[in-house]
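S.K.: Guided by the hints, dock chain B onto chain A, whose structure is given.
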Amino acid sequence: GESVGLHLPTLSVQEGDNSIINCAYSNSASDYFIWYKQESGKGPQFIIDIRSNMDKRQGQRVTVLLNKTVKHLSLQIAATQPGDSAVYFCAENGPGTGGFKTIFGAGTRLFVKA
Amino acid sequence: DGGITQSPKYLFRKEGQNVTLSCEQNLNHDAMYWYRQDPGQGLRLIYYSQIVNDFQKGDIAEGYSVSREKKESFPLTVTSAQKNPTAFYLCASSKSSYNEQFFGPGTRLTVL
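The listed protein sequences derive, respectively, from chains A and B. Quick note, in this note's numbering, the first sequence goes up one by one and the last residue is 114. Quick note, in this note's numbering, the second sequence goes up one by one and the last residue is 112.
Please keep in mind that the hints were generated in silico from the structure rather than gathered at the bench. In this text, all values refer to a predicted model and were calculated from it rather than measured experimentally. Hints are all accurate, no fakes.
Okay, the calculated beta carbon distance ranges per label pair: (1) G83/A with P8/B: 24 to 30 angstroms; (2) N67/A with F12/B: 43 to 49 angstroms; (3) S40/A with Q17/B: 24 to 30 angstroms; (4) S73/B with R61/A: 34 to 40 angstroms; (5) T77/B with G59/A: 37 to 43 angstroms; (6) N18/B with D17/A: 48 to 54 angstroms; (7) T69/A with G40/B: 30 to 36 angstroms; (8) N53/A with A81/B: 42 to 48 angstroms; (9) L27/B with G83/A: 21 to 27 angstroms; (10) Q60/A with S80/B: 44 to 50 angstroms; (11) Q45/A with S22/B: 16 to 22 angstroms; (12) P39/B with G83/A: 19 to 25 angstroms.
The list that follows gives simulated cross-link-like pairs (lysine-lysine, DSS-like), each with its CA atoms no further than 27 angstroms apart: (13) K42/A with K57/B; (14) K95/B with K56/A; (15) K95/B with K71/A; (16) K70/B with K42/A; (17) K14/B with K42/A; (18) K14/B with K83/B; (19) K57/B with K71/B; (20) K83/B with K57/B; (21) K83/B with K42/A; (22) K42/A with K95/B; (23) K101/A with K57/B; (24) K113/A with K42/A; (25) K68/A with K95/B; (26) K71/B with K101/A; (27) K83/B with K101/A; (28) K57/B with K14/B; (29) K56/A with K68/A; (30) K68/A with K101/A; (31) K101/A with K42/A; (32) K9/B with K95/B; (33) K42/A with K9/B; (34) K70/B with K101/A; (35) K95/B with K101/A; (36) K42/A with K71/B; (37) K9/B with K71/B; (38) K95/B with K70/B.
For glycine and all other residues, C-beta sits at the position ideal for the given N, C-alpha and C.
This is chain A alone, in the form it adopts within the complex (with noise of 0.2 angstroms):
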C-alpha cells in the first residue's frame, strides 16, 4: 500500500519574524503561477498569484517573488502569525495536453511559534 506519513518540507518561525517559503516550477512555459494555503482538514485557498510578465508581486503581509531564468517562486510572509501556520501550495500553469494545466508543488508546513 502507499506509505503515510509527514514527508512535507516544515518551515518553523517565530511569531512575528517573517517567513518565506520557496518553490522550484518545472515548466519553464508555465506563465501563470499561483500560492494556495491549505489549513488542517480544508481546502486549500487562493492567496495570490503572478503572471510570467512581473518578477514580484504584493499583497496583504504576502509577496510573491519569481525568477524565471532559474525556474524559482517564493513566497514571503512578513510579521508571521500563528494563523499563518498551514501547509502552502505554489502551482504553476501553463501549456500542456489539451489546452492549460496546472501543476502543483509538493508543499511546505509552516508552523508559527508563539
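M.R.: Chain B alone, transformed into the frame defined by chain A:
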C-alpha cells in the same frame, strides 16, 4: 453566497462498492477539477473539465469516472477498480483553466 460545495464531508464504504462524490458550484465557472490528497502529500489531479459535456483524464484517472452534464455539477465516482480509494478528495472550479482555482471543503472517503 457564491461558492463550491462538496458532500458528504465524511463517507464510509465497503470494499468493492462504487461510490459517488458530489461537487456543485454556483460561481458560473467553466472549468472544474477533482484532486486526490493522501496524508502529508500534495494534490494529484484525477479528472478535469474545461467546459460542460467535456472532460479530460488527469494524472491518476484509473479507477475513477466523472460526468459533466451541467455547468454547476461535476460528480466523481470512485469505482471498485480503484485499488486504494481511501483518501481526501478535493473538488475545485475556476473561471477558465488560466485562472486561480476555488476549492471545496473536501470529502474524506474511507473504504473498510
